[in-house]
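Chemist: Sequence:
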Amino acid sequence: MRVGDNFMAAQSRRAAALRGWHRSLLGFVLGAGAACALPPANALPLLVPAFVGLLWLISSSTTLWRATIVGWWFGFGHFLAACYWVGAAMLTDSDKFAWVAVPAILALCAALALFPALAALAVFASRRAGLSRVLVFAVAWTATEWLRGHVLGGFPMNLIGTSWSVSEGMIQVTALTGIYGLSFFTVLAASAPALLAERRGDQAIAANWRAPTTAILILAAIWIGGTVRLSLVHPSEVPGVKLLIVQANIPQTLKWRAGSRQAALEKHMRMTLAALPNGASHVIWPETAVPYDISNDTGLAKWLARAVPDGGLLLTGALRQGSGGDSATPQLWNSLHAIDSNGNLAATYDKHHLVPFGEYMPLRSLFRIAKLTHGSFDFSSGPGAQTVHVPGLPPLSPLICYEVIFPGQVTSNEIRPAWLLNITNDGWFGNTAGPYQHLQAARLRAVEEGLPMVRAANTGISAVFDPLGRRLAHLPLGQEGVLQTVLPAALGRTPYAVMGDLTLILILIIPLGLVSIRAMREKN
1 MRVGDNFMAA
11 QSRRAAALRG
21 WHRSLLGFVL
31 GAGAACALPP
41 ANALPLLVPA
51 FVGLLWLISS
61 STTLWRATIV
71 GWWFGFGHFL
81 AACYWVGAAM
91 LTDSDKFAWV
101 AVPAILALCA
111 ALALFPALAA
121 LAVFASRRAG
131 LSRVLVFAVA
141 WTATEWLRGH
151 VLGGFPMNLI
161 GTSWSVSEGM
171 IQVTALTGIY
181 GLSFFTVLAA
191 SAPALLAERR
201 GDQAIAANWR
211 APTTAILILA
221 AIWIGGTVRL
231 SLVHPSEVPG
241 VKLLIVQANI
251 PQTLKWRAGS
261 RQAALEKHMR
271 MTLAALPNGA
281 SHVIWPETAV
291 PYDISNDTGL
301 AKWLARAVPD
311 GGLLLTGALR
321 QGSGGDSATP
331 QLWNSLHAID
341 SNGNLAATYD
351 KHHLVPFGEY
361 MPLRSLFRIA
371 KLTHGSFDFS
381 SGPGAQTVHV
391 PGLPPLSPLI
401 CYEVIFPGQV
411 TSNEIRPAWL
421 LNITNDGWFG
431 NTAGPYQHLQ
441 AARLRAVEEG
451 LPMVRAANTG
461 ISAVFDPLGR
471 RLAHLPLGQE
481 GVLQTVLPAA
491 LGRTPYAVMG
501 DLTLILILII
511 PLGLVSIRAM
521 REKN
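Heads up: the sequence shown begins at 1 in the numbering used here, then just goes up one per residue.
Note that these hints are calculated values from the structure, not bench results. Remember, it's a predicted structure, so these values are computed and weren't measured experimentally. Treat the hints with care, since some could be wrong.
[Claimed, not checked] Taking lysine-lysine pairs in the DSS-like style, the calculated list, with each CA pair at most 27 Å apart, reads:
| no. | residue 1 | residue 2 |
| --- | --- | --- |
| 1 | K267 | K242 |
| 2 | K302 | K267 |
| 3 | K242 | K302 |
[Unchecked claim] Restraint ranges, calculated between C-beta atoms of paired labels, are given here:
| no. | residue 1 | residue 2 | range |
| --- | --- | --- | --- |
| 4 | G481 | A263 | 16 to 22 Å |
| 5 | R270 | S341 | 56 to 62 Å |
| 6 | G478 | W21 | 37 to 43 Å |
| 7 | A263 | A220 | 49 to 55 Å |
| 8 | R257 | K302 | 21 to 27 Å |
We treat Cβ as the ideally placed atom computed from N, Cα and C, and that holds for glycine.
Kindly generate the complete structure, drawing on both the sequences and the hints.
Modeler: Below you can see the structure in the form of structure tokens.
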């Protein structure tokens, strides 16, 4: 029996025979299947039929346009299944925004699908076959993921490498390659079985299995190396630091109501005061836990000082109002304040990576549409990633909500922090996949940077990860409670922390070089 007549070849021929909307529907279904490999499901085996099927559809396309379209449908299905939870934010204030929830998520996913479409275009345009096509596909997919993380502010959520968050051993490689590098190896391994459908002579059966076997061995080597690293590296604790993280679980529908804001703030205070006798040195509240402007209200700051342990600090999210620069126009910032026991602000950080349509409206001068978050005017952007120095704690890099999803952009380039602090409010997204995906993004930043990650979330999931991404403590989604934990010590700079995405360039150059060598040999 010839290899070309096996099961894989039969499925390849079926995919190639599809026309019109049948091809688009298959692409959509395959993309949605790939999304199931992401958190919280982590159904990793589904990546194989998803990427093998996509590669077959691209390869059997008769024109560049048809290849691009099938890539777009794959991306549309993928992002609709992976990012559906974005629409949940618009149901929080349903009277204002429910009407736009479905059109908005469809528009977002349609725009994000342009990146897989671009990858499909690149594969078809390369005119490569066999192993070269698989290599080009893995490079193109990874490159377009990187573009998605940077174009128009970027949205690097749910990168394919995040599927491996189920394995502590596998994610260790991100300390070297970043999450984009892990995406490359994942796509390479998932798409390599497509070669099993290629027709070869009876004497070349082994050649069909060479690429998939090699890809599996690469993943095995990554896991073994990561497991060894986990067994050898055990970060110590920062002496004298005991953190108290408060997860008050305030529903987003109540958070900004006039009659509920003070009650929510008092709940944070009650929970803190009840837990302080257990010996915390520093207290952490989540994003906008204080729904008022502390910086212009000394009385409120003095009241909040009740939550500060002796000699410690309260680190809390809050709003901040003022005027920027020479302008008298009022401005609003989403901020983190460190408050000491006298009610003084020891430090302030302003969020710089704002959420479009949530914290500001793009093209505000053209569209008079209200933003999702509370208030009548847009938030202003802070100066950028900072290393914040506060008494009694190692220097930290604050990350408010969305800022934690950006690989290589979570620390200052000038002074390296000793830990990462992510305060967030995922109450916007309810009991969906969003909070789980957001949590894993935070965890991956810890491994990439070699820094512990402390996360305080209003409705969960609050957690503490050591610099290798090992979870030390957590509070589940939708649960009220406090988390008392030590602060792990940082590791030295990882290769990724030193070189950033230069490591990705090096990873992608190698397979492109192999493709070029094979192309030159074929010409000769």
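Chemist: Is 49 to 55 Å a correct range for the gap between the Cβ atoms of A263 and A220?
Modeler: holds, 54 Å
Chemist: Does K302 pair with K267 here, judged by a C-alpha cut-off of 27 Å?
Modeler: holds, 17 Å
Chemist: Range hint 21 to 27 Å: satisfied by the CB atoms of R257 and K302?
Modeler: holds, 25 Å
Chemist: Given the hint of 37 to 43 Å, is the C-beta distance from G478 to W21 inside that range or not?
Modeler: Cβ of G478 to Cβ of W21: about 40 Å, so the range 37 to 43 Å holds.
Chemist: Check the hint pairing K242 with K302 against an upper bound of 27 Å on the C-alpha distance.
Modeler: Given that 27 Å is the threshold and the Cα spacing comes to 23 Å, the pair holds.
Chemist: Confirm or reject the claim that G481 and A263 have a C-beta distance inside 16 to 22 Å.
Modeler: holds, 18 Å
Chemist: Is the straight-line distance between the alpha-carbon of K267 and that of K242 27 Å or less?
Modeler: holds, 21 Å
Chemist: Does the beta carbon distance between R270 and S341 stay inside 56 to 62 Å, or does it fall outside?
Modeler: violated, 19 Å
Of the numbered hints given earlier, the model fails hint 5 alone.
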